Amino acid sequence: MAPMPVPDLLETDRLVLRPRRAEHAATYRLLWTERDPRVPEHRRIDAHGRPTVADVAARLGDEPGLLAVHRRDTDEVVGYCGLTGWGSPPPDEPELVFELLRAAQGRGYATEAGQAVVAWARESGCSRLRATVWDWNVASRRVLAKLGFRETGDVVARSAAGCSLLTVRDL
1 MAPMPVPDLL ETDRLVLRPR RAEHAATYRL LWTERDPRVP EHRRIDAHGR
51 PTVADVAARL GDEPGLLAVH RRDTDEVVGY CGLTGWGSPP PDEPELVFEL
101 LRAAQGRGYA TEAGQAVVAW ARESGCSRLR ATVWDWNVAS RRVLAKLGFR
151 ETGDVVARSA AGCSLLTVRD L
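Here the UniProt record's numbering is used: position 108 in the sequence shown is 108, and no number is missing along the way.
These are calculated hints, taken from the structure and not from any lab test.
Computed from a predicted model, the values in this text were never measured in an experiment.
Hints are not guaranteed to be accurate.
As a list, the in silico SDA-like pairs of lysine to any residue whose alpha-carbon atoms are at most 25 Å apart [to be verified]:
| # | residue 1 | residue 2 |
| --- | --- | --- |
| 1 | K146 | S164 |
| 2 | K146 | L10 |
| 3 | K146 | S127 |
| 4 | K146 | E11 |
| 5 | K146 | A119 |
Simulated DEER-style distance windows between Cβ atoms [stated by the list, open to error]:
| # | residue 1 | residue 2 | range |
| --- | --- | --- | --- |
| 6 | G148 | E76 | 26 to 32 Å |
| 7 | D75 | A119 | 20 to 26 Å |
| 8 | L9 | R107 | 35 to 41 Å |
Here a beta-carbon is modelled for each residue, glycine too, at the ideal position from N, C-alpha and C.
Let's have the full structure, built from the sequences with the hints guiding it.
Laid out in structure tokens, this is it:
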């Protein structure tokens, strides 16, 4: 399946999801600074302060299926949610990804944004989604369960900090 067109807008009761823009790069870089120290080093800020805001801005087009998550009441960008991996194995199984600023966590935003993205995938003809999650990331595992994903028992990566687990959801 070819990548499905990225929507200009997905709306929920409290959120608006839109394509990411360079002017929000500072927010996305803040996500890098807030990541759990168990996240692999290549996904955290390095000793030289990279990625910089400019680095993040330059890479925003690399994953067009990721959408900025805006709070509807303030238009503040609080993270991203979307789909990656179209056309990569397994075929026709894009991966749901999401990440929110710490200040936005614990409010149900990840579940709400995820529901909108799952609906977009279903309406676009996708038959199944996958998601990977670290075994220690209990909050994200709960979000995925609320979205109807089930853990397969497959480990897709191991590190000293834990295992990355595969979850799937049939649409």
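Among all the numbered hints in the text so far, which are the ones the structure does not match?
Failing hint: just 8.
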